[in-house]
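S.K.: In case you want the letters, here they are:
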Amino acid sequence: MSTAELATATQTDAVATERLTIAQAVRDAMRDEMERDPSVIVLGEDVGIDGGVFRATEGLIERFGPERVIDTPLAESAIIGMSVGMAATGMRPVAEIQFMGFVYPAINQLLAHAARMRNRTRGRLTVPMVVRMPYGGGIHPPEHHSESYETLFLNSPGFKVVVPSNPYDAKGLLTAAIRDPDPVLFMEPKRIYRAFREQVPSEPYTVPIGSASVVREGNDVTVVSWGAMVRVCLDAAEMLALEDVSVEVVDLRSLNPLDRETVLASVARTGRAVVVHEAPRSNGFGGEIAALIGEHALLSLLAPVQRVAGFDVVFPMAKSERFYLPTRDRVARAVRETLEF
Amino acid sequence: MPRTQVYHAVTERLEVLDPMGVADLELMPDLSDEEVLGIYGDMVRMRAMDDKALKMQRQGRMGTWPPIKGQEAIQAGVAHAMIQGDWLIPAFREHGIMLLRGVPGRLIYAYWAGDERGSCFPEDVRCFPVAVPVGSQWQHGTGVGLSLKLRGERAAAVTFGGDGSTSEGDFHEALNCAGVLQVPTVFVIQNNQWAISIPLHRQTASETLAQKAHGYGIPGLQVDGNDVFAVYAAAVEALERARSGGGPTLIEAVTYRLGDHTTADDASRYRSDDEVAAWQERDPILRLRRYLADRGLWDDDRDEVLLEEARAWVDAEVEAMEAMPTQAPSDIFRHMYAELPLNLAEQMAELEAEVGS
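These protein sequence lines are chains X and W, in that order.
Everything in the first sequence is counted per numbering that gives the first Met the number 0, starting at 0 for the first residue and increasing by one.
Everything in the second sequence is counted per numbering that gives the first Met the number 0, starting at 0 for the first residue and increasing by one.
Please keep in mind that the hints were generated in silico from the structure rather than gathered at the bench.
Some clues are possibly wrong.
To be verified - Distance ranges between label pairs, derived from CB positions:
{"id": "1", "chain 1": "X", "residue 1": "193", "chain 2": "W", "residue 2": "325", "range": "51 to 59 Å"}
{"id": "2", "chain 1": "X", "residue 1": "193", "chain 2": "W", "residue 2": "338", "range": "30 to 38 Å"}
{"id": "3", "chain 1": "W", "residue 1": "279", "chain 2": "X", "residue 2": "64", "range": "53 to 61 Å"}
{"id": "4", "chain 1": "X", "residue 1": "73", "chain 2": "W", "residue 2": "11", "range": "25 to 33 Å"}
{"id": "5", "chain 1": "X", "residue 1": "326", "chain 2": "W", "residue 2": "153", "range": "57 to 65 Å"}
{"id": "6", "chain 1": "W", "residue 1": "356", "chain 2": "X", "residue 2": "297", "range": "29 to 37 Å"}
Glycine residues also receive a C-beta, built at the ideal position from the N, C-alpha and C atoms.
Could you build the full structure based on these sequences and the hints that come with them?
M.R.: So, in structure tokens, the structure goes:
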């Protein structure tokens, strides 16, 4: 069933649905895939008895037992290194790194092994594994709990990098990620883990990795974003509509592979683009999007591509994080500047 | 309150065959003369492969090569204790055991000559590719063990590393997790005394590497790594424990790297000729030959025949490696993902337009 068909079916109640948060949708995807495929296992810190610090693995250990829902020692490099060993020998591990800011000890295993195994063995060994990482700011946590470091992995060939922005996509994309033959880094926007609920089909389904989604149609400006920032962009679009500005919002959903066509088609129509992300602006993925628009759609452009992003600073601690994160007003200002160019 | 002892541990060392080739019959593992002759032949072939690679490197026909000379007993001893279903997860000085586990010599040469196809092993060969990032493979060993355990296979994972790699955090994490998760993994340290220029006492203040097992709650044993019988006996014990659900084992095999770290290294800068000469006297091949000769199973004539066979085999493997057709430029793109994404397809076309397909 295609996404469009499913959406239609959902509206007409042809499929059973539940109102779920992103965290619940993530858990359901793991539950359904573990049910379907005995080689799928979950491992990480506190994913078992505790159900995960964000409850994203809640109930899994009761259902599948401690052999398939493994509370590991506190060792990120081991979580990823063991997953590489397992994935190359017939298992499909879904590893959790408790916060993206704690992934650094595992970078060697990710970049030197997970991303390279297929290529360096010319396809003999592959690593069909998923690494789930809650990322991003906005929850006033201690230090090192707010990072959004997708760029580290986007300049490291061999991964797929996926970021859902809503419960429907979270379940469908994670299902696709678990079934994917290659390593998928699955960034979960922890700020909106439980911010809202949506109707999500109860049955398993996939949202294809590598397809962007136009989450709001508009004619004047294309705003490109992903993850938690999509909501901020939608809020800005809502506000700008009151000023008779028609904003199209493209949710990339997958950063690698990138659905360039959807972005370019939108920009070809609107002639203006703003890219919004939480990660620092300089050398961020917004620069890549701007470069692609420049390479492929320069003559459609009526204004330079704007970037609204985090500042090039260490992510501030709780009391100052509001200064760092892109806001509705910052996005709206960039859209107006683009229109007034 | 007086302090009480909460932990006490002993680490043992196993030696069976002394440097003069005399075996302790009490400790001698159950090996027939035929099997011992087979092991000797394997060790001679390993050294012939190594010698040839060094010559080829000087001729510009081989890339950087890490020699295994002096470490043949460890690799032959462990290989002979392994069964079909066991996995090998090597570091980068394990060409010998890779060969014995079924990796064709031509592929080992191809890898070190700079061709990725050298890591595309035959389907039935349960072996990971070489791991260059030091110590990272220990973690894969734990993961493969966990995989075998979860799938209920009566098999073990055997992972290798050097003394230097025990200083890496991954060594600690891998052994710690292996102990907690009770995986069927055997960790083999080839303690060859030198990590490029750094001697063992600059890697660790620990008296042995085997004793580190105590910190992870797993069995550890030191063996004379130039004594193939001791290595074999230790490996059999550890592998049987692993396959029967008894969990992981750490084996420290004490040996010596008779050659340079790699062909890009000059070991005379940091260690004495006397030290090397003393270890040459303890050469594992020489030692096994003395044992066989003492038992009337071997002589110079047979040795000459074996060497000639080994050299002929090596030459055939080199020929096969050099006869491999070159890779297409597009091959650098084709194996990044199961399906070629758009950006790679475009870049592949870009390269082909430049250099042809």
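S.K.: Could you run down the list of hints and mark each one as holding or not?
M.R.: Going down the list of hints, with the structure as the test:
1. Separation of residue 193 of chain X from residue 325 of chain W is about 56 Å and conforms to the stated range, judged on CB atoms against 51 to 59 Å.
2. Against the hinted window of 30 to 38 Å, the Cβ-Cβ separation of residue 193 of chain X and residue 338 of chain W comes to about 35 Å, which satisfies the hint.
3. At roughly 55 Å, the beta carbons of residue 279 of chain W and residue 64 of chain X sit within the given window of 53 to 61 Å.
4. Checked against the hint of 25 to 33 Å, the C-beta distance between residue 73 of chain X and residue 11 of chain W comes to roughly 31 Å, which is consistent with it.
5. Under the hint 57 to 65 Å, the C-beta atoms of residue 326 of chain X and residue 153 of chain W, about 59 Å apart, fit the expected range.
6. At about 30 Å, the CB distance of residue 356 of chain W to residue 297 of chain X agrees with the hint of 29 to 37 Å.
In summary, the structure agrees with every hint in the numbered list given earlier.
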